[in-house]
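Peer 1: Starting from the given sequences, assemble the full structure and let the hints guide the process.
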Amino acid sequence: MGETFAMKILSRAAGKKVREGEIIFVEPDYVLTHDNSSAIIGKFEATVPGSKVRYPDKLAIVLDHVIPAVSSKIAVGHRKIRKFVQEQDIKHFYDIGTGICHQVLPEMGLVKPGSIVVGSDSHTCTYGAFNCFATGIDRTEAAGIWITGKTWFKVPETINIDITGGFTAGVSAKDLILTIIGDIGAGGANYMAVEFNGPAVAGLRICDRMTIANMGIEMGAKIAAFPANSVTNRYLETVGIDSSAALWSDHDAEYTKSFEYDLADIVPVVACPHQVDNVIPITELPETGIDQVFIGTCTNGRVEDFQAALQILRGHTVHSDVRLLVGPASRKEYLKAMEMGLIQDFIEVGAVILPPGCGPCLGAHQGVLAPGEKCLSTANRNFKGRMGEKDAEIYLSSPETAAASAITGRITDPREVL
Amino acid sequence: MKVFCYKQDDINTDLLFPGKYTYTCSTGPEIREHLLEDLDSAFAKSVKPGDIIIAGENFGCGSSREQPSLGLRYVGVSAIIARSFARIFYRSAINQGLLLVQSPEAVEAYNEGDEVEVDPAGGIIRIGSRAFDFPALPPEMLSILADGGLLNHIRKEFSEGDG
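If you read the protein sequences in the order shown, they are chains A and B. Under my numbering, the very last position in the first sequence is 418; numbers go up by exactly one each time. Under my numbering, the very last position in the second sequence is 1163; numbers go up by exactly one each time.
Quick caveat, the hints were computed from the structure, so don't treat them as lab data. Glycine included, C-beta positions come from ideal geometry on N, C-alpha and C. It is possible that part of the hints are untrue.
[What the hints assert, rightly or not] Here are the simulated lysine-lysine pairs, DSS-like style, with alpha carbons at most 25 Å apart:
id	chain 1	residue 1	chain 2	residue 2
1	A	Lys58	A	Lys150
2	B	Lys1045	A	Lys384
3	B	Lys1156	A	Lys154
4	B	Lys1156	A	Lys150
5	B	Lys1007	A	Lys384
[What the hints assert, rightly or not] Residues from chain A that keep clear of chain B, each with C-beta distances beyond 10 Å, as calculated:
id	residue
6	Gly15
7	Arg82
8	Gln86
9	Asp95
10	Gly166
11	Ala200
12	Gly240
13	Ser243
14	Ala245
15	Thr256
16	Lys257
17	Arg331
18	Ile343
19	Pro355
Peer 2: Structural data, given as structure tokens:
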């Protein structure tokens, strides 16, 4: 019987052949933390006062969640992190404005195929786009890894998702992953690895793979991974990383469950409040007026997302009842978008540009909603209260749907305006 | 001992602790104020040490923020009994020394007013007059729980290493 990606990568890390269900200890290649590093520093210092972190070069710290600081309390946290970074000689530190951690780590060449990355952020699974075993942990565990350099994993079972065919006009990777989450359910992949296989994988761009892997956690997955192929290699060459350590499942690997999707069958969908698996085709959605549209985040804040949105938005203006917020995922994506004229185009149609960071996604600042308001967002979560107000409603969609809806003022199938 | 029963599925981390406070509240007393704020606004005021939570499928799904597990441990919740737990929350609870028990049967059996008792060593939950077994945690996790969470566990390992 063949082995899955998860079995192979954990076998290599553990230095022995592992079985599904077995608990093993491994040393992750990187441990990511962000604004929450200030709380982690507190735990680290309380546990091992005056000590150095075990492997300073394996720490990656990105300030992205509440940037620039919205209050003195947040500013004090950021300052504490900068001081710690200096004291501990942490070289992979990215201050405010560099971008969202899940965009920044690949850009900085820290995400290598066949490597293991953990992060005190649930969307750490994004690096599965680059053939990583990447998963979220809590702050306490991050502090533990800073101290010991290692953690435990239970070797997961694997769900296989085979994809074939190609997207039709107005449909994109976000519609695919939302459709999958709607089918599998918010807990349907709990504790499990998810692999993407099939002939259509080769045609998915890095941005598509990142959008898909990013949302693996929304079905409970421990990891959501893609094979490394020429698309991966080309991207990684630009950041000085070779893909020679990539691993992938055997053709006869045994999966707990398998699903098949023909991309030609995928239609524009939205996740309705207040759960990500509450997914329906827009054609079945009753008329839904919106107050705010947000295009950005680690899920859909890249230039390809902006291009897709602007193909629809150009020549129109944002509806008078709608506020359109746009947040580039990183400084590099922001610069690329500037060079391509995308930022100017957004501003001309009436958008407000936010700094590269998590922005309104988690409700801490920038674009918080009022009671009763509805937001259509390209982010990854629509939980009650997520954007700072429990009596507001969040719908999730592709950048194409977000753009079409920003023009009409109601959630709109992008095929209506293409 | 009071039982807080939230049998709906997919209770997420934003309901357990709203994201807007994630970077301003990190300690037990700060977290307590907003614990379960958007799920049950009465919880924070009425919860007492030894109380138990009963929940549905995929409890704790969503963010990796640890305020839910840290906060529930801080206020003294003695166990959460659920049909299932989301994996990051599950790890986080062990890291905080908070006892989680997966038992769909026990959740099904519970009716308002039933006495609930959890015997972690014996692997038994008593709901009223009925008893349910639950599988023991792997030894690696039990030793973290027994030490009162991951950092206490590491501290202990370090001091033993020094000795």
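Peer 1: Indicate, hint by hint, whether the structure satisfies it.
Peer 2: Evaluated hints:
Simply put, Lys58 of chain A and Lys150 of chain A have alpha-carbon atoms about 11 Å apart, close enough for the 25 Å limit, and the pair holds. For the proposed pair Lys1045 of chain B and Lys384 of chain A, the alpha carbon gap of about 21 Å is at most 25 Å, so the pair holds. Only pairs whose Cα atoms come within 25 Å are accepted, and Lys1156 of chain B paired with Lys154 of chain A is accepted, the gap being roughly 23 Å. Distance hint between Lys1156 of chain B and Lys150 of chain A is fulfilled; the C-alpha atoms sit about 16 Å from each other, no more than 25 Å.
Between the alpha carbons of Lys1007 of chain B and Lys384 of chain A the distance comes to roughly 17 Å, so the proposed pair stays at or under 25 Å and holds. Look at Gly15 of chain A: its CB is around 17 Å from the nearest CB on chain B, clear of 10 Å, so calling it non-interface holds up. The Cβ of Arg82 of chain A sits about 15 Å from the closest Cβ of chain B, beyond the 10 Å cut-off, so the non-interface label holds. Against chain B, the non-interface label of Gln86 of chain A holds: every CB pair exceeds 10 Å, the least being about 21 Å.
Against the 10 Å criterion, Asp95 of chain A stays outside the reach of chain B, whose nearest CB is about 16 Å from its own CB. With a least beta-carbon separation of about 32 Å from chain B, Gly166 of chain A lies farther than 10 Å from that chain, consistent with its non-interface assignment. Consistency note on Ala200 of chain A: stated as away from chain B, and its beta-carbon is indeed over 10 Å from all of that chain's, at 28 Å minimum. In this structure Gly240 of chain A is separated from chain B by more than 10 Å, as the shortest Cβ-Cβ distance comes to about 29 Å.
Distance check on Ser243 of chain A: its Cβ is at least 28 Å (rounded) from any Cβ of chain B, clearing the 10 Å threshold; non-interface status holds. Every CB of chain B lies more than 10 Å from the CB of Ala245 of chain A, the least distance being 26 Å, so the non-interface label holds. Against the 10 Å criterion, Thr256 of chain A stays outside the reach of chain B, whose nearest CB is about 15 Å from its own CB. Remark: the non-interface label on Lys257 of chain A is consistent with the geometry, its nearest Cβ contact in chain B lying 16 Å away (cut-off 10 Å).
Every CB of chain B lies more than 10 Å from the CB of Arg331 of chain A, the least distance being 21 Å, so the non-interface label holds. Non-interface call for Ile343 of chain A relative to chain B: holds, since the shortest CB-CB distance, roughly 27 Å, exceeds 10 Å. Distance to chain B confirms Pro355 of chain A as a non-interface residue, since its nearest Cβ pair spans about 16 Å, more than 10 Å.
Hint compliance for this structure: no hint is broken.
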